[in-house]
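Trainee: Since the structure of chain A is provided, determine the placement of chain B on it from the hints.
Chain by chain, the residues:
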Amino acid sequence: MMSSTPSAQTIRGTLKALQEGDLTTVDLMTEILQRIQETDVAVQAWLDVRPQFLLETAAVMDRRRTLGRTAAPFAGIPIGVKDIVDLAGYQTQCNMRSRAGCEPAARDAKVVHQLRKAGALLVGKTVTQEAAAGVVSAPCTNPWDTTRIPGGSSGGSAAAVANGTCLGAIGTDTGGSIRIPASLCGVVGLKPTHGRTSLEGIFPLSASLDTVGPIARTVADSVALWLAMSGRSPEISATWERYPEAQTSLAGKRIGVLRSFFQDRLQPDVARRFDEAVSSLRGLGAEVVECDWDEAASARSVAMLISRMESAQVHRDALRQAPDLMGDALRSRTMLGAIMPADAWFRVRAARIGIRNSIAAVYRTHGLDAIAAPSVPATAVRCDEAEVHYADNTVEELGAAMTRLTQPWNATGQPVISLPCGFDNTGLPIGLSLVGRPDEEFALADIAHAYEQANSYWRMMPGQ
Amino acid sequence: MTDEERTMSGERVRALAEAVDLPLRPEQIAPLARAFDDAMAMVRDLETIAKPAGVTLIEKYDAAWPEGGR
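Going down the list, the protein sequences come from chains A and B.
Position one of the first sequence corresponds to residue 193 (the working numbering), numbered consecutively onward.
Position one of the second sequence corresponds to residue 256 (the working numbering), numbered consecutively onward.
If we strip away everything but chain A, and leave its shape as in the complex, we get (with noise of 0.2 Å):
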């Protein structure tokens, strides 16, 4: 049987217990699913969860593995995938009212076949916020702390991730939506680097901005599972070996830690987590360079102004058709960028590129190999809280404060990982966040996955 242990809950440690013959996947997907009976209830992560035909399925795959026919590289894994990617036979709600009662969805996503093909176990789909645009993802509820949102727009993703009954979920990230529930949920999240994971089957937000990825417990699972998800199976067992159950070193990497903006109007416990973070990556071996992106709160402007406009396209006939059938903040959103004049649009996608070029003005300046920051700026809130508190008695509206570190990200499109770094005061996770330079998620992986060694925050698991 599974264990609750940490390495339990990861994808290495499955496979390999797999592998040797340790755990069958009839016994594995029955512990998940009395887990999900048992928890879920509470934590309301899984929307469609289908018991019967997984237990046949896992029943088929170890036949199967009894035969010696088992060659793909993530059979028998067990995977979350969130609403808003279509998963053959199954609706895909996006949590909004106007698609209650539609078609389930006739085939699978890109990245959701690429999974089948590896030998994934889908095990259902995950709650998201309206359209995947917001940070709360009610109904669901924090593992770590019910009374407390996962955060957005992955919310169920991560807190299935969070609560082992997955053990790794698909997320979707148009502002933050993965870094946001993995920092608050304490998992890891990687959004790749924009625009080189299919989109196809997934509903969108933003498409100069969305970006599909994985939700898993540690760096190397993340990885090989976005590998999986991008039709890249054969590489994942070098994975394996590129990011060993072991300490590895730094040496002769350079880490940026911007000064302003991402340092600006943190919640203390998340100042300090970070401050050591950034001790712990020095003393790992790695020069840590003090350095400023001038044009980071223009970064932030430009992915917000894309989003709202590029949304208002898409749910352009639903504004005008059955606008009552949306939340108050998706029609706002959408409202505003319909109304938003061409000009703007123009402007704005020209600011983008100048963008870009700051910022790899400031990598190449800085000869950095990463700039680390904090994820988000506070802990999670409780599920009635609009708003974050900081110390200083100031208050911040709650999808501002939570994007206001990731949304920089998605204006450049480099690829960032979320890995968690501690915990505040009442035990809720913090996460830090590590920006790559475009294409070089492998590169960016041996310094989160260093990190991660050394400090080992994701053998934590909620409820111990």
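None of these hints come from the bench; they were simulated from the model.
These figures come from a predicted structure and were not determined experimentally.
From the three backbone atoms N, C-alpha and C, an ideal C-beta is built for every residue, glycine too.
A portion of the hints provided could be inaccurate.
Claimed, not checked - Quick list of the computed label-pair ranges, beta carbon to beta carbon:
#1 B:Glu282 <-> A:Gly477: 37 to 47 Å
#2 B:Val275 <-> A:Arg424: 41 to 51 Å
#3 B:Glu260 <-> A:Gly293: 42 to 52 Å
#4 A:Ala463 <-> B:Asp258: 36 to 46 Å
#5 B:Ile284 <-> A:Gly477: 54 to 64 Å
#6 B:Asp258 <-> A:Gly387: 12 to 22 Å
#7 B:Asp292 <-> A:Asp584: 20 to 30 Å
#8 A:Glu392 <-> B:Asp258: 49 to 59 Å
#9 A:Leu517 <-> B:Ile284: 20 to 30 Å
As the list claims (entries may be wrong) - Listing some non-contacts, in silico: residues in chain B with all C-beta distances to chain A over 12 Å:
#10 Thr257
#11 Asp258
#12 Met263
#13 Asp293
Mentor: Relative to the frame of chain A, chain B by itself:
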């Protein structure tokens, strides 16, 4: 913002919405006008971002990250 500016802003938003066939309820106009003014201020601020000469809308990483930005 003065009352007169607020009224003008509301009128502009009403006209823009009408131009794109977007029905607005009266109570939606004031918050939308505020959001619109904030968004347009952001757009104006972006004018300060240095863009390369002959900027086009082709967004390629190769352009911003020659040799990966190294």
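Trainee: All hints, please: hold or fail.
Mentor: For each hint, the structure was consulted:
Judged by the Cβ atoms, the range 37 to 47 Å given for Glu282 of chain B and Gly477 of chain A is violated: they are separated by roughly 59 Å. Evaluation of the 41 to 51 Å hint for Val275 of chain B and Arg424 of chain A yields a pass: the beta carbon distance comes to about 42 Å. Between Glu260 of chain B and Gly293 of chain A, the C-beta spacing of about 45 Å keeps the proposed range 42 to 52 Å intact. Separation of Ala463 of chain A from Asp258 of chain B is about 42 Å and conforms to the stated range, judged on CB atoms against 36 to 46 Å.
Checking the proposed 54 to 64 Å range against Ile284 of chain B and Gly477 of chain A shows it holds: the Cβ atoms sit about 58 Å from each other. For Asp258 of chain B and Gly387 of chain A, the hinted distance range of 12 to 22 Å is not satisfied, since their beta carbons lie about 47 Å from each other. Distance hint check for Asp292 of chain B and Asp584 of chain A: the Cβ-Cβ separation is about 27 Å, which falls inside the suggested range of 20 to 30 Å. Range check, Glu392 of chain A to Asp258 of chain B: Cβ separation about 51 Å, and the 49 to 59 Å hint holds.
As the Cβ distance of Leu517 of chain A to Ile284 of chain B is approximately 21 Å, the hint placing it in 20 to 30 Å holds. Residue placement check: Thr257 of chain B keeps its beta carbon more than 12 Å from all beta carbons of chain A (closest about 22 Å). The beta carbon of Asp258 of chain B is kept farther than 12 Å from every beta carbon of chain A, the shortest such distance being approximately 22 Å. Every CB of chain A is more than 12 Å from the CB of Met263 of chain B (nearest about 15 Å), matching its label as outside the interface.
For Asp293 of chain B, the shortest C-beta to C-beta distance to chain A comes to about 9 Å, within the 12 Å cut-off, and the non-interface label is violated.
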